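Asks: Residue-level listing of the chains:
There are 2 protein chains.
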Amino acid sequence: MAVPLEQAGTPSYKEVPGSVAAPRGFRAAGLHIGLKRYRKDLALIVSQERAAAAATFTTNRVQAAPVHVTREHVQGGFLRAIVCNSGNANACTGPQGMADARRMAELTAAALGVAPQEVAVASTGVIGVPLPMDKIASGIHKAAQLLSTEGGRDAAEAIMTTDKVPKELAIELEIKGRPVRIGAIAKGSGMIHPNMATMLAFVTTDAAIEPAALQAVVRGSVERTYNRISVDGDTSTNDMVVVMANGMAGHAPLTLEDPELETFAQALDYVNGALARSMVRDGEGATKLVEIRVVGARSEEDAVQIGRSISRSNLVKTAIYGEDANWGRILCAAGYAGVEFDPNRVDVYIGELLVAQNGAGLSFDEAKAKEILHEPDVVLTVDLKAGPAAATVWTCDLTYEYVKINASYRT
Amino acid sequence: MAVPLEQAGTPSYKEVPGSVAAPRGFRAAGLHIGLKRYRKDLALIVSQERAAAAATFTTNRVQAAPVHVTREHVQGGFLRAIVCNSGNANACTGPQGMADARRMAELTAAALGVAPQEVAVASTGVIGVPLPMDKIASGIHKAAQLLSTEGGRDAAEAIMTTDKVPKELAIELEIKGRPVRIGAIAKGSGMIHPNMATMLAFVTTDAAIEPAALQAVVRGSVERTYNRISVDGDTSTNDMVVVMANGMAGHAPLTLEDPELETFAQALDYVNGALARSMVRDGEGATKLVEIRVVGARSEEDAVQIGRSISRSNLVKTAIYGEDANWGRILCAAGYAGVEFDPNRVDVYIGELLVAQNGAGLSFDEAKAKEILHEPDVVLTVDLKAGPAAATVWTCDLTYEYVKINASYRT
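Chains as they are written, first to last, in the numbering used here: chain A, 29 to 439; chain B, 29 to 439.
Keep in mind the hints are simulated off the structure, nothing from the lab. Hints are supplied without guarantee of correctness; some may be wrong.
It does not matter which identical chain is meant; a pair holds if it fits inside one copy or across any two.
[Said to hold, decoys possible] In silico DSS-like pairs for lysine-lysine, Cα to Cα no more than 25 Å straight-line:
no., residue 1, residue 2
1, Lys64, Lys398
2, Lys432, Lys64
3, Lys64, Lys163
4, Lys432, Lys192
5, Lys204, Lys42
6, Lys398, Lys163
From a predicted model like this one, the values you see are computed outputs, not experimental measurements.
Kindly produce the complete structure, drawing on both the sequences and the hints.
Replies: Listed below in structure tokens is the structure:
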């Protein structure tokens with residue numbers, strides 16, 4: 029077969045414990061302050077030194093108050109802390125919501141002895157309900173006292189909504205001969221689709237990077253990771269990825285021209301890619317992680333667009349849930365992606381099994397297909413045979429459980 | 029409240045029995061030829077006289093063989109018959125599929141004594157499996173013998189796939205002092221989304237219309253009706269709307285300049301609109317018809333785009349299924365429609381109940397909202413307060429049953 033199932037060339041890294049608190053100079057905390065009934069709902073991540081900061085935000089026209097505030101604060105290029113509550117999105121809350129988001133930054137700044145402009149604010153949860161600021165205020169005060177290098181896991185738990193598992197990772201690599209760590213936590217389960225969905229990811233590193241270089245690297249990495257996953261095609265009002273690099277690893281700062289910037293970028297891709305896939309695997313009601321590889325495209329943009337179209341097709345996603353080798357739906361979803369291609373050249377693979385060739389069905393081994401689709405990880409490959417470009421996107425199956433979760437989330 | 033729940037100004041028409049065989053000079057048949065296990069699976073609609081013809085087709089890049097053949101045949105401007113099988117889409121079937129679609133037209137032409145170019149061919153059902161041409165051949169032969177003015181209902185049944193109810197309608201109106209009838213049958217249950225989904229609609233009329241005028245009227249009508257519904261966001265490979273106007277009502281032919289063309293256009297909208305909504309109501313697993321009215325938009329295009337974005341949001345659709353007044357999801361889906369608007373001006377209504385104003389939630393009567401959402405027909409209104417334009421789109425809720433149907437359709 030023409031398409032290798034395993035992708036080569038991805039570097040591997042040494043994983044270390046501690047997630048966002050693993051890099052030098054970072055501490056974290058997560059606790060229950062009463063926004064959710066029982067579970068942790070406030071996370072705080074703090075850097076001992078001022079950290080270069082970069083962020084990306086939801087593309088939704090409707091943006092929650094914390095998105096506006098954090099965008100403003102990150103524009104300064106540096107941060108000291110990230111504060112995030114779950115249970116309430118502070119979205120569609122009008123002028124009061126903006127005041128509350130600013131107040132969250134101020135309260136955090138006061139508790140830490142930093143400037144409000146050095147605090148990123150994030151919220152996730154129910155839309156349209158004002159934040160209970162008394163709980164937030166006392167919660168931030170408590171969180172500041174709980175900060176520790178052991179607090180990464182608590183922070184990961186405190187940003188969860190319908191997530192079933194906390195998502196955290198930290199790795200170690202070497203830059204300019206110095207050990208460098210990158211740690212991250214993330215949440216995301218529903219409203220997940222390219223261009224930021226209700227997904228939050230907070231990344232810390234002790235690498236030394238100039239803000240402009242960091243912003244460039246982060247933008248590219250988000251594009252290749254979080255923006256290539258889809259759970260349900262909805263893009264939320266609250267998404268953000270915030271990265272803090274405090275330079276405490278002690279090497280000379282990476283600039284845009286530095287060849288070692290690529291070393292950092294690859295490691296960041298590794299961390300973000302792993303967290304992005306863990307979001308899909310934990311997608312609302314999901315039972316399978318579906319990797320969609322579009323190869324032989326004229327451009328990477330074409331490949332991404334076709335991959336996204338397939339990744340958001342309810343018909344493809346229910347077929348995968350039913351372990352049905354319904355390649356016609358895959359080809360059909362490619363067809364309405366808005367990309368020009370010749371349908372009569374397209375090959376479709378389920379796992380390693382060629383099921384359609386030159387746009388027409390083959391009489392393939394149904395038992396073998398069933399076996400492949402029975403696995404928790406499924407790879408679908410669409411070969412357009414039109415050029416050298418490729419892209420991979422990830423989605424999950426669409427299940428009864430998804431409907432159940434979302435038919436009764438708010439009330 | 030600012031938004032009237034009932035839309036005014038829609039003319040009403042006298043309904044008559046017989047659907048596609050109701051207009052003068054048309055006969056129809058529907059029978060079981062063995063493509064499906066038990067149910068009828070071949071439909072034939074024939075006009076005694078040559079009829080002006082117009083059609084619109086799926087916008088999917090992957091188009092089934094019958095779409096190619098019918099597009100070619102309709103280009104001549106005239107048709108005598110439409111033949112349609114269900115149970116097999118003749119899509120992704122390669123060169124054999126093209127030969128089979130042409131053969132369907134030839135067999136029909138031979139049975140009726142007309143030219144193959146005067147026959148429109150349609151197929152719907154499973155993708156990627158060759159048509160069993162022996163069954164098709166004997167089936168067409170039988171269908172030609174069964175043709176009658178009573179056959180409309182049989183034809184409506186024979187084009188069904190996962191549809192639960194046949195969809196048919198005929199109305200009578202007056203044009204230039206002569207009684208004119210318009211009849212139609214349609215199918216569509218899954219893969220339903222704007223720009224043609226697996227939906228087929230065949231419309232007959234004894235009105236006299238020049239082909240160019242007919243094509244213009246049909247294009248506009250499809251845009252306002254079938255292209256404004258969404259069941260699951262998937263656009264199929266096989267969709268088509270074919271209209272035949274045989275002129276046997278005996279009035280002077282309508283041209284593009286004729287003021288009475290608008291009378292016909294409105295009646296055609298009525299028929300297509302009713303069938304489009306019946307498709308949504310019968311959407312796979314649907315329990316509710318959801319009408320989404322976007323008003324106060326700068327342009328109709330903006331309104332349609334926002335309406336479509338809301339209509340395909342799984343989160344909105346599951347909330348409606350759960351009878352949950354989750355207006356935040358509605359506003360969120362408007363936000364990622366790709367249309368510029370000020371989120372801080374938007375009002376959202378559930379039925380007549382204002383639930384969000386100027387982009388922020390109100391503390392509305394939850395019991396009243398529950399009552400409205402408990403009805404089988406739900407109207408959602410989004411007022412952008414940005415201009416005079418409006419558009420209405422229709423969708424259905426997303427249910428356990430949808431997942432069940434689509435997790436096991438093919439095998």
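Asks: If any of the earlier hints don't hold here, list their numbers in rising order.
Replies: Violated hint (a single one): 6; every other hint is consistent with the structure.
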